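Taking the numbering used here, the leading residue of the sequence shown gets 12, the next gets one more, and so forth.
Hints are not guaranteed to be accurate.
[What the hints assert, rightly or not] Cut-off 25 Å, straight-line C-alpha distance, at most; resulting in silico cross-link-like pairs (BS3-like, lysine-lysine): (1) Lys141 with Lys40; (2) Lys41 with Lys152; (3) Lys236 with Lys87; (4) Lys87 with Lys104; (5) Lys104 with Lys141; (6) Lys236 with Lys152.
[Claimed, not checked] Label pairs and their calculated CB-CB ranges: (7) Pro45 with Gly197: 17 to 25 Å; (8) Asn133 with Val109: 15 to 23 Å; (9) Arg83 with Arg231: 19 to 27 Å; (10) Thr203 with Gln79: 43 to 51 Å; (11) Trp169 with Lys87: 20 to 28 Å; (12) Arg231 with Arg101: 22 to 30 Å.
Worth flagging that the hints you see were computed from the coordinates, not collected in a lab.
None of the values given here were measured: they were computed from a predicted structure.
Ideal Cβ positions, reconstructed from N, Cα and C, are used throughout, including at glycine.
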Amino acid sequence: MRIEIVALSNMPEVRRGDDLAALIRDGAKKEQQPIDPSVVLAVAQKIVSKAEGAIADLREIEPSALAQSWAREWRKDPRLVELILSQSRRILKMDRGVLITETRLGHVCANAGVDQSNVEGNDFATVLPKDPDASAVRLRKELGCGAVIVTDTFGRPWREGLVDVAIGVAGLAPLEDYRGTLDRRGRKLTGTIVAVADQLAAAAGIAMRKPLGCPVVLLRGFDWKAAEGSARALIRSREQDLFR
């Protein structure tokens, strides 16, 4: 198998209300990178949030007593802490200046996905798109690609460093279940379910190169299983999660 990973290096700064599909189409055309049904398109959450207006004005936020107390202890902006709390379904851990929450979409991550990087001004922050799966569906329909993955950067328990994962999926099965098949020695696999969408998101993350701003990546050559797909399939249920 040979996989081609191409980042679009000429994407403009995305702003609230922009036609993101048109910007991606223009960028691909300028770089002579055709978008067709053979392409899996990986798009960074940040530009999806910006285009959809998922941007919070911190000046409009009134911090709660909890947000103010925690912000004082860890020298954080209480408005930002309150925004994180508002985007959370549950708080899993508040320790050493880190907020680990379960977002309203069910993802477990730091700061509920709230982020101030690559956002103009000190009084603004992006939040996760309202429905990343729906965002992926729209982009796939408008661009005519085979599949779309909306990616975000998550930390990992027990491991240092960040990795891109899929928070929105359209056009591919996010999981590939090998249970019941045989390995090369004839042993039956009993627990092997591969997070294909996360694998592709991580591969795209290599080319995105966060500091340089390449938020759109085209992947070719990967033989994925076509399906409606949903990134929600990647979220382990609370009943099966040993750490929640």
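Right, here's what the structure says about each hint:
Proposed proximity of Lys141 and Lys40 is contradicted: the alpha carbons are some 29 Å apart, above 25 Å. Of the supplied pair hints, the one linking Lys41 and Lys152 holds, its CA atoms being roughly 21 Å apart against a limit of 25 Å. Between Lys236 and Lys87 the alpha-carbon distance is near 44 Å, which puts this suggested pair outside the 25 Å criterion. For the hint pairing Lys87 with Lys104, the CA-to-CA distance comes to about 16 Å; that is within 25 Å, so the pair holds.
As the CA atoms of Lys104 and Lys141 are separated by approximately 23 Å, the hinted pair is consistent with the 25 Å bound. For the proposed pair Lys236 and Lys152, the alpha carbon gap of about 18 Å is at most 25 Å, so the pair holds. About 43 Å separates the C-beta atoms of Pro45 and Gly197, a value inconsistent with the hinted range of 17 to 25 Å. The beta-carbon spacing between Asn133 and Val109, approximately 21 Å, falls within the hinted interval of 15 to 23 Å.
For the pair Arg83 and Arg231, the supplied restraint of 19 to 27 Å is violated, since their beta-carbon distance comes to about 51 Å. Judged by the Cβ atoms, the range 43 to 51 Å given for Thr203 and Gln79 holds: they are separated by roughly 47 Å. Evaluation of the 20 to 28 Å hint for Trp169 and Lys87 yields a pass: the beta carbon distance comes to about 25 Å. Our hint of 22 to 30 Å for Arg231 and Arg101 is violated, since their Cβ atoms are close to 39 Å apart.
Comparing the model with each numbered hint stated earlier shows that hints 1, 3, 7, 9 and 12 do not hold.
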